[in-house]
Amino acid sequence: DTGVSQDPRHKITKRGQNVTFRCDPISEHNRLYWYRQTLGQGPEFLTYFQNEAQLEKSRLLSDRFSAERPKGSFSTLEIQRTEQGDSAMYLCASSLGGPSYEQYFGPGTRLTVT
Amino acid sequence: AQSVTQLGSHVSVSEGALVLLRCNYSSSVPPYLFWYVQYPNQGLQLLLKYTSAATLVKGINGFEAEFKKSETSFHLTKPSAHMSDAAEYFCAVSSYQGGKLIFGQGTELSVKP
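Just so you know, the protein sequences line up as chains A and B, in that order.
Be aware that the first sequence starts at -19, since it is given in the working numbering, and climbs by one per residue.
Be aware that the second sequence starts at 775, since it is given in the working numbering, and climbs by one per residue.
Chain A with its partners taken away, still in its complex shape (with noise of 0.2 Å):
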């Protein structure tokens, strides 16, 4: 079990740049979460994978964003035409199953937007 692994864990890149972070997840869980968090806030909700199907996606993910997670392992998270806005950390978690299920984060991915 080597944990949720992040990549890069730094990004620094233009507005109007695209951007994609991928996550490989502890391998035999299930279940992969994506998380936002600005400075000084929770994280909160961004979508989360069953093995390889997006089953729900939070009104955050604005049509910029998208998530994938095509062989069930790893997942991707790309934000297309990046604005300051984005600029936060973006955490990836994965569990083996539904609520009552701990989730394992990653170190995350720190955005900045210039």
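Calculated from the structure, these hints are not laboratory results.
Note that the coordinates shown come from a computational prediction; the quantities given were computed from them, not determined experimentally.
Glycine included, every Cβ here is placed at the ideal spot set by N, Cα and C.
Hints may contain errors.
[Claimed, not checked] Covered stretches of chain B (in silico footprint by chain A; criterion: 3 or more residues with CB under 8 Å from a CB of chain A, positions within the stretch not fixed):
| hint | stretch |
| --- | --- |
| 1 | 807 to 820 |
| 2 | 867 to 879 |
[As the list claims (entries may be wrong)] Pairwise CB distance ranges (calculated):
| hint | chain 1 | residue 1 | chain 2 | residue 2 | range |
| --- | --- | --- | --- | --- | --- |
| 3 | A | S80 | B | S800 | 14 to 20 Å |
| 4 | B | S844 | A | E48 | 40 to 46 Å |
| 5 | B | S826 | A | T(-7) | 43 to 49 Å |
| 6 | B | S783 | A | H(-10) | 24 to 30 Å |
| 7 | A | Q(-3) | B | Q871 | 33 to 39 Å |
For chain A, the structure is supplied; the task is to place chain B on it using the hints.
Here is chain B on its own, set in the frame of chain A:
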């Protein structure tokens, strides 16, 4: 809808003193509740969870929390603070729809020597 409120965005205690971080929840169904800790520039680490078994839940690093249905509370305590406890603490409720976590605003704990 489920929600969590953490009372006090910042708590400061002396080393060796009692730590009490407050969390109140709102849920129309029996909740699953979690406390996570976050150190600077890191992800979240689970301290403990309540899933309707014992109302007093013991976690890592000497922390514990008590589920009180009548008060809709799940406060986090530690008898004696250590300098290494300084961090941001988040209370969360797990949504029955999919299991997404709904977090409170967080409480920053400072420990004075």
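field: Numbers of the earlier hints that this structure fails to satisfy, in rising order
entry: none
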